[in-house]
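Chemist: Sequence:
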Amino acid sequence: MKNFDFLQLQDLDRLVFPEEFHELTLDSPALSFISDFKNHHPSVLTTSVTALNAAKVMRAGHLGAVLVLDREGNFTGLLTSDDVNYQRIMQLVAAGLPRDELTVADLMRPRSELKMLSYQQVAKSRIRDVLDAMRREGQRDCLVVDLENHHVRGVLSAAEVGLRLNADIDIEKAPTFAELMEAMAPVH
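Start counting the sequence shown at 255; every next residue gets the next number (the working numbering).
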């Protein structure tokens, strides 16, 4: 049996967060940037949580994205820090929704609109390659799914990758069909 020496915590000992470690680069394995749900519980909220409470939880937990579950515990969408920012909430209030009645369901991106990458493909890639693919598709966030077992294994967020690399990762949102049509409409 091995003996361990317990030591006293020193005043200089402090809590650290992943973004404080800078050994990661654009050439690091892409899997270094996801918390694999096979090993870590995903951060989740339910659709009925108020938008203001969701924003508080995400800020307090330093969460860039959370998975959204319905009342039965089924995966129904994704909520990111961009979805709960002040500007987004004010847009919905201006559209007539009472601010104190907004919920995660009003702000999240539904499952049907989410894009994914295969876990098997991400496992063989550098984060640089994944970010390039995300840029081409205009995807700031995407799910990582094990296609063989149909398991959502993680979420890749360009914003969180940027924090961990201490770099500005710019990914423009892909325009919707309606936005493209509006942009192409003749000006009178």
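Quick caveat, the hints were computed from the structure, so don't treat them as lab data.
Glycine residues also receive a C-beta, built at the ideal position from the N, C-alpha and C atoms.
Mixed in with the good hints, there may be bad ones.
[As the list claims (entries may be wrong)] Ranges between beta-carbon positions, derived for each pair:
no., residue 1, residue 2, range
1, S289, D259, 43 to 51 Å
2, N328, E402, 19 to 27 Å
3, D324, D422, 31 to 39 Å
4, L280, G392, 18 to 26 Å
Chemist: Does each hint hold? Answer for all of them.
Modeler: Checked hints:
no.	hint	verdict
1	S289 with D259: 43 to 51 Å	violated (32 Å)
2	N328 with E402: 19 to 27 Å	holds (21 Å)
3	D324 with D422: 31 to 39 Å	holds (35 Å)
4	L280 with G392: 18 to 26 Å	holds (19 Å)
Hint 1 from the list above is the single one not met by this structure.
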